[in-house]
Every structure is written in C-alpha cells, then in structure tokens.
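K.L.:
Can you make the complete structure from the sequences, with help from the hints?
2 protein chains.
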Amino acid sequence: MGYYRNDKFLKQFGNHLREIRLGKKLSQEELAFRSELDLTQIGRIERGVTNTSVSLANKIAKALKIPVKDLFDF
Amino acid sequence: MGYYRNDKFLKQFGNHLREIRLGKKLSQEELAFRSELDLTQIGRIERGVTNTSVSLANKIAKALKIPVKDLFDF
DNA sequence: ATTGAATAGTGCAAATTTGCCCTAATATAA
DNA sequence: TTATATTAGGGCAAATTTGCACTATTCAAT
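Going down the list, the sequences are from chains X and E. The first sequence begins at 12 in my numbering and counts up one residue at a time. The second sequence begins at 12 in my numbering and counts up one residue at a time.
It should be emphasised that the hints constitute simulated quantities derived from the structure, not laboratory data. All clues stand as given, with none of them false.
Same chains, same names: a pair is fine if it fits in one copy or spans any two.
Only pairs whose alpha carbons sit at most 20 Å apart, straight line, appear in this in silico EDC-like list of lysine to aspartate or glutamate:
id, residue 1, residue 2
1, 19, 47
2, 70, 81
3, 73, 18
4, 70, 49
5, 73, 84
6, 73, 40
7, 80, 30
8, 70, 84
9, 70, 41
10, 35, 81
P.N.:
Below, the structure written as structure tokens:
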C-alpha cells in the first residue's frame, strides 16, 4: 500500500500549517501542547513526511483557534 | 493509542461528504472509482468509523471536483 | 412482491501513523 | 563566541488505516 499518498499535497499542507503557526508566534512545542499532540508529530506534519488524519487536523485547528477548513485553504 | 480520535468530528465529516456526494448524484461506487479508493473505504468514511488521512480527503475532493477545504466546511 | 442496485458490515494481512525515547542540527540572543 | 531555544530526524512498539474478499441488509423501481 502507500500509493494513496500525495507528497506534493502533504508538503503544501505542512508549509501552510507552518505559516499559520508562525503567524501566531507559536513554537512547535507550544502548538503540540495545545493540541495534545507530540512535538515530533507536529514537526513531521510540517515537513510533509507523514500523512496525518482529519481528526488530528481538527485538533490542530482548534489549538490554532481557526476553522479546520482554513488548514486546507491553500 | 487511539485517544486522538474525535468521533463527533468524524461523523460530521462523513455526513458532510455524503451530502456532497448525493448532491452530485454519485454512488459510493462511482466516487470510489473516480478517487481510486476502495468502495469499502468510502463507506467507512461516510459512516464515521475510520479516521482517514488528509491525502485521501484530497483525492476525494478532486474526484468530487471541489476544493478540499469544502470537505471541511461544516 | 420481486428484482436489482446501493450501502452496511465482517475479517484479515500489510502498510502507515503516532507517541515516546533519544541525539543532531540550526536558528536566535546575549 | 557561547549559551539557549527551536526544529530535524532516527528508531521502535503499539495502534490504526486500508484494500481486498465476502456476505447481509436496505433502498428503489417496476
């Protein structure tokens, strides 16, 4: 399996998340704490090396205090 | 693990997807074919019993010819 | 009521993600 | 530079997702 992964999309998603996070002046560690994810996972998502789930995207959006759909608006 | 899953969100996501799919008069099978996912998986997502990935959400959105963010707009 | 289409659901192996441990590399201040 | 904070990344076990094969149930139309 694994052929359902779209690396370009994941990179864009990660870069977009990073921009939003930096725009809010948050460190990965602070975002990890607020979203109750591991710091490692936040990094992996931003680098586009993991294909995270819609649930975690939702948790991250909540931690950033933005609508989930904004995470996908790029 | 597994405590990062938000069932309410997954149900909403699935219901929203279903509404969009039906609005386009597509069967799960047709959507599965267009998105290159398995029919079983489309059903699981709509029922909210699986926490799918952002990549698959993207493939589904493409198959529906809508922006990904619209899948998260509910 | 019957037929056929569509959806629900079960079970399994393989692939992938995730948290947690850790160290390395890079950026930011002082 | 030196120290400090931040990010990158390796490695592993456990959890989860996914496709595939299959049967059961529900829906729609005639």
